[in-house]
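Asks: Chain residues, written in single-letter form:
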Amino acid sequence: MASAADIVLQIAKGTRSAAAVLAECKMLIQARDPDLNCFTAKTFERAEREAAAIDALYAEGKVLPPLAGVPYAVKNLFDVEGLVTLAGAKINAGNAPAAADAKIVARMSRAGAVLVGALNMEELAYGFLTENHHYGITRNPRDRSRGAGGSSGGSAAAVGAGMLPITLGSDTSGSIRVPASLCGVFGLKPTYGRLPRSGTYPFVNSFDHVGPFANSVLGLALAYDAMQGPDPADPACARRAVEPVGVSLSLPRGIRIGILGGWFHEWADPAARRSVQLAAAALGASEWTELKSAEVARAAAYIITGAEGGALHRPRLIQQYEDFGPSSRSRLVAGGLIPASWVIQAQRVRRHAYSEAMALFERFDLLLAAAAPAVAPRVGQETLLINGRSIPTKAGLGVLTQPISCIGLPVCTVPVWPGEGDSPAERALPVGVQLIGAPWREDLCLAAGRTVEQAGIASAP
Amino acid sequence: MTQTHDNPLEAYVRAALALQGYTFDEAEIAEIVMQFSRLDAIARTVFEWPLPFASEPAPVFRP
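Residue numbers (our numbering), protein chains in the order written: chain H, 11 to 471; chain Y, 399 to 461.
Because the hints were derived from the structure by calculation, they are not lab data. C-beta atoms are modelled at their ideal positions from N, C-alpha and C, and glycine is treated no differently. Do not rely on the hints blindly, as some may be mistaken.
[Said to hold, decoys possible] Just so you have them, the derived chain Y footprint on chain H, three or more residues with Cβ under 8 Å:
#: 1; segment: 31-40
#: 2; segment: 358-369
[To be verified] Not everything, but these chain Y residues come out facing chain H in the computed CB check (under 10 Å):
#: 3; residue: N405
#: 4; residue: P406
#: 5; residue: A409
#: 6; residue: L415
#: 7; residue: F422
#: 8; residue: E429
#: 9; residue: I430
#: 10; residue: R436
#: 11; residue: L437
#: 12; residue: A441
#: 13; residue: F445
#: 14; residue: E446
#: 15; residue: L449
#: 16; residue: P450
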């Protein structure tokens with residue numbers, strides 16, 4: 011499918027109608043989704059109304075909004091008017107349909123985007139796979155014997171399969187960046203508090219972020235700009251004016267880029283290291299640095315995640331334990347038992363890690379690290395072997411993303427194709443690279459992503 | 399399942415489950431004890447990290 015920027019241009023020039031774009035999108039979904047299981051609901055009637063409204067604006071000679079006629083879909087934890095917000099969980103299936111769209115879905119509609127459905131995810135966003143006990147496995151569009159990653163697996167796979175140019179997801183510990191890496195698409199996790207979460211199903215209030223996936227960096231930028239702005243309904247949403255990045259993304263001269271070693275190198279296998287090397291070369295980066303608190307920041311994130319997630323779901327864990335998936339319910343209950351002293355200490359560690367990162371940003375404007383420790387694992391694969399060390403797949407896929415979301419930094423993840431691996435199948439798979447900025451510098455993250463994309467190193471074919 | 403008096407972690411889990419209103423069979427408790435032992439191991443990393451005494455937690459409430 012064409013990129014969002016190309017679709018906007020085609021519709022503005024009148025070479026295609028929004029209805030024609032939607033018709034192609036529906037055909038692609040109907041042809042490809044049965045094999046991958048990305049969608050849990052389709053909103054084609056709404057999409058036809060939204061596309062017709064764009065075509066009417068064009069016919070009337072009116073100015074078109076910035077995402078006019080661009081089809082997209084959302085992880086099924088976003089409220090969509092008339093749909094039940096599942097968050098991947100059976101316990102939500104009996105809830106009333108949402109009365110209104112989530113704030114950022116409403117903003118996408120206002121920008122002219124056309125909503126075609128809701129997408130599969132890991133149950134309650136707790137895990138880096140989308141092997142959902144209730145709604146099935148979302149498979150990887152690059153190799154269907156492998157998983158899409160998670161928790162926003164349907165969002166990443168739908169873009170990777172060419173069904174859509176843009177989708178929305180959420181990222182608490184890596185749930186945009188990990189599936190973007192595994193499925194070979196672009197993803198943006200903005201600064202914590204940049205985009206409003208009102209009307210989304212929560213998991214860990216301290217870490218929950220929302221953001222876009224796209225088949226191009228410009229697609230990320232267009233969606234990101236459309237969704238920005240304060241929102242009193244989300245207490246974490248920053249009271250900042252919209253700071254549009256626009257589409258003329260370019261890196262300033264003399265930008266200082268550090269390559270993260272230490273934890274981020276140790277937990278990157280040869281393919282992940284090669285991806286970082288290729289991205290660094292495209293950006294002219296050669297200096298290594300270290301975030302020494304990465305390991306403890308990840309540990310702090312684990313404790314806070316367990317405690318907040320466990321507390322959030324406690325009432326229904328007591329009443330409906332059997333209705334939770336077997337891979338999440340005992341983890342949630344255990345998290346709810348975490349003593350307050352552990353949580354307070356984890357929050358103190360988090361503050362310390364943030365301070366260390368801010369000191370790094372006095373020396374560097376951007377930091378580079380792999381987004382996943384390896385290429386996509388096979389469906390059902392229990393462990394990852396990274397440089398001779400074994401780690402459980404479900405938790406280990408986030409080993410490189412969790413320290414960064416713990417301290418809320420913005421990250422653009424770009425899909426790089428390292429050509430490394432033990433088999434031809436593995437050598438054909440991507441590993442994403444995180445382009446990490448200081449708080450509120452999404453503009454630099456996206457500009458770096460655009461540079462790597464234009465160099466031909468990152469692509470979402 | 400070990401005797402709880404030999405295993406403070408298991409004793410804690412059983413007591414905390416009761417305090418929070420959960421009722422589970424022994425197999426489910428064993429699974430939760432295993433999950434909590436993983437959290438306990440991770441928490442040790444958090445407590446071993448040297449922090450200044452006066453360091454503040456991350457969230458700050460701004461009315």
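Asks: Now tell me if each hint is right for this structure.
Replies: Consistency of the hints with the structure:
1. 31-40: violated (count 0)
2. 358-369: holds (count 6)
3. N405: violated (15 Å)
4. P406: violated (13 Å)
5. A409: violated (12 Å)
6. L415: With a closest approach of 7 Å, the L415(Y) hint holds.
7. F422: holds (8 Å)
8. E429: Result: holds, 4 Å to nearest chain H Cβ.
9. I430: Cβ of I430(Y) sits 5 Å from chain H, so the hint holds.
10. R436: holds (8 Å)
11. L437: holds (6 Å)
12. A441: holds (5 Å)
13. F445: holds (6 Å)
14. E446: holds (8 Å)
15. L449: At 6 Å from the nearest chain H Cβ, L449(Y) passes the 10 Å test, so the hint holds.
16. P450: With a closest approach of 8 Å, the P450(Y) hint holds.
Hint compliance for this structure: hints 1, 3, 4, 5 are broken, all remaining hints hold.
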